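Position chain B relative to chain A; hints supplied.
If you read the protein sequences in the order shown, they are chains A and B.
First residue of the first sequence? That's 1 in this note's numbering, and the numbers climb one at a time after it.
First residue of the second sequence? That's 1 in this note's numbering, and the numbers climb one at a time after it.
Simulated from the structure, these hints should not be mistaken for lab results.
What you are looking at is a predicted structure, and each value in this text was computed from that prediction instead of being measured.
For each residue, glycine too, the CB sits at the ideal point set by N, CA and C.
Since no wrong hints were added, every one of them can be taken at face value.
Just the calculated beta-carbon pair ranges, DEER-fashion: (1) B/Pro164 to A/Gly148: 53 to 61 Å; (2) A/Ala85 to B/His292: 41 to 49 Å; (3) B/Gly286 to A/Gly291: 30 to 38 Å.
Protein chains: 2
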Amino acid sequence: MRRSHYAARAARITGSVIDASTSIIQARPNDVVRLAMGSPAADFVPVELFGELLAAVAVDGADAFDYGPTEGERSLREELLRCLAGRGEDVAPESLLVTTGGMQGLDLACKLFVDAGDLVVVESPTYTNGAATIAGYEGRIVEVPCDGDGMDVDALAELVAREPAPPKLIYTIPTFQNPSGTTLSPARRERLVELAERWGSLLLEDDPYSWLRFAGNELPSLRALAAGRVPVIAVQTFSKILAPGLRVGWTIAAPEVIARMVDARQAMDTCTNTLQQRLVARFLAGGHLDGHLDALRAEYGRRKVAMQAALGDELAGLDARWTDPEGGFFLWLTLPEGISAAALFTTALEQGVAFIPGPAFSVGGAFPSALRLAFSAEAPERAREGIRRLRRAIDLLEAT
Amino acid sequence: MRRSHYAARAARITGSVIDASTSIIQARPNDVVRLAMGSPAADFVPVELFGELLAAVAVDGADAFDYGPTEGERSLREELLRCLAGRGEDVAPESLLVTTGGMQGLDLACKLFVDAGDLVVVESPTYTNGAATIAGYEGRIVEVPCDGDGMDVDALAELVAREPAPPKLIYTIPTFQNPSGTTLSPARRERLVELAERWGSLLLEDDPYSWLRFAGNELPSLRALAAGRVPVIAVQTFSKILAPGLRVGWTIAAPEVIARMVDARQAMDTCTNTLQQRLVARFLAGGHLDGHLDALRAEYGRRKVAMQAALGDELAGLDARWTDPEGGFFLWLTLPEGISAAALFTTALEQGVAFIPGPAFSVGGAFPSALRLAFSAEAPERAREGIRRLRRAIDLLEAT
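This is chain A alone, in the form it adopts within the complex (with noise of 0.2 Å):
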């Protein structure tokens, strides 16, 4: 293959470290504590019902392994509105595009919005992959600071005072971030609506984490404040709540948008599998969403503590610093200046330990000494071996 064949997006599009990580740990299946990937406690997984709902799936005959509508499978969209409405989100039915997996969203999202050389905001650190999505389609990327409570909304104005042209787009992930684990404040919330007001810019809400709330309280979504003032275009999956192997999700935009979400998607991946999409119209209709997303809000909150627990005893005499998340998956870990977390990777999965390299969350390869840590996948003693792991790697790439 001629590399003069490629086209001059290829070259922006590059291998996922999270991926790579994914591929090296999967090849060593029993002893690798698992501390990178973002999935979801797997014995909280409702393997036993999920097998009754596919079995009751299967009595609709063929129609269930035919091709669906493009826009969703009708049951589940008549579910997932009924939980959203639940959830005081009054959606409209041609305001929601059932997708295959939520980053399917963020795919369509950029297809339709982003130009060669259109200025997109992204929070450093951000979600690779959607970094990625943004520059497969040759956005050039600017990445704003963050902090405990955030995107710093004031850094965002200074930055965008010194572009010639306002955003094209704003990615954020506003709740319980992927990888910070922090969440924007209600007052930054707000600024930030006005600010894309101003600008005229999209607000591409990224969205995996809020159901999975286990302290503090409820805030508005983007799109709740923004409330039609400003085009928002939210993002959501059942990859975190329930199962991501189930390549579930839906997308919440303007009618509009979504019509021409749904013709793009014609020319990519035809629809979502219609079986899993009638199996979770089949658990939300079943009733079983409400009391399962109790249980995991509880058993991540628990998590959640036993991992700083594990780190403040096992990181003790070092300089390390780490975030406070009130849900989601994620917390993000800062090592003394020098460590260098790509070198750290290799040590610690040697020592039987993985976890996500900061440099993974940023554009520019920024935060080399931070450490992207998911409490979601292990349970707590074993997340603590993890952590012990992890100490071992440090003292061993220190003392060499």
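Structure of chain B alone, referenced to chain A:
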């Protein structure tokens, strides 16, 4: 949403007639004879076996519902490579990517290779969503006429001679083409590969149907003929040979291209749904495929013959022609000039039969009096009733 927000490519993304038709047809599920969608025969989807295999997969526990490798589940990759080898296709593991339906292979190919303004050749008529994918990446589409032997490669050479640069990519469905049902002849296959080699063009071989040959002799794929001389991306799928709702397909290309596709996918849909990849793997491992394909070939052969007989009987006295496919799902019906397939679509639906109008398969809206008829989905008696209704619709339309 201000119109100016949209990316330039959004203007190239338009709704598919196929999908619009599907929505209309699905709104009246029981009475319409379905000759529109490329759906497999429902009676031949092994629903009971699928149910058993799903129960077996669910024994894998939460792992069956977790993220999997972006390149595809290991079990499916192994079975698929074995299956391809059994068909004389020697594919290296690093040349294989599992995709979310065949459609995603087309999307990935265009994402990696089509720059705005690049010349891309397609057949006329061609698969609606294939052309839509190319348009979505802003390729400049040139349509090449086809006849009963597939793409007219001499016409292709003449068209390209008039262009300032050779095509970046040649998109073709050489075997049992969608929508025409015709097959590229052996001589033209050789010539097409030669032309691509001379021009340095990439061949995108869309091949959902070649395992469903019910007449004539097997032909070598373009990939086999090219034998590395010309870069070929071959796109295949379980949608037509098993069930489309699974959304499991695969792409074969040079290892370097596959590696880039894996990178690109991480920012598109992360991975194909895990459960149904494992379902397909178990179906293959159980040795079910060969017998299943034999049954399908026999049935689709019967259905094609029956539809042709029905056309001969019911369209008697009309100057209509239709193709004679040796496999696949479709035949192409050309009605007398002056009959508008678009107008007929509405009248035919009122009469209780659905098809796709010819202009859907042409960027320039050619084929005003042609129809794509799928003989795959309906049993012969019901298909005959559909053709009877079609004749009634034609007569009604002619009488107005």
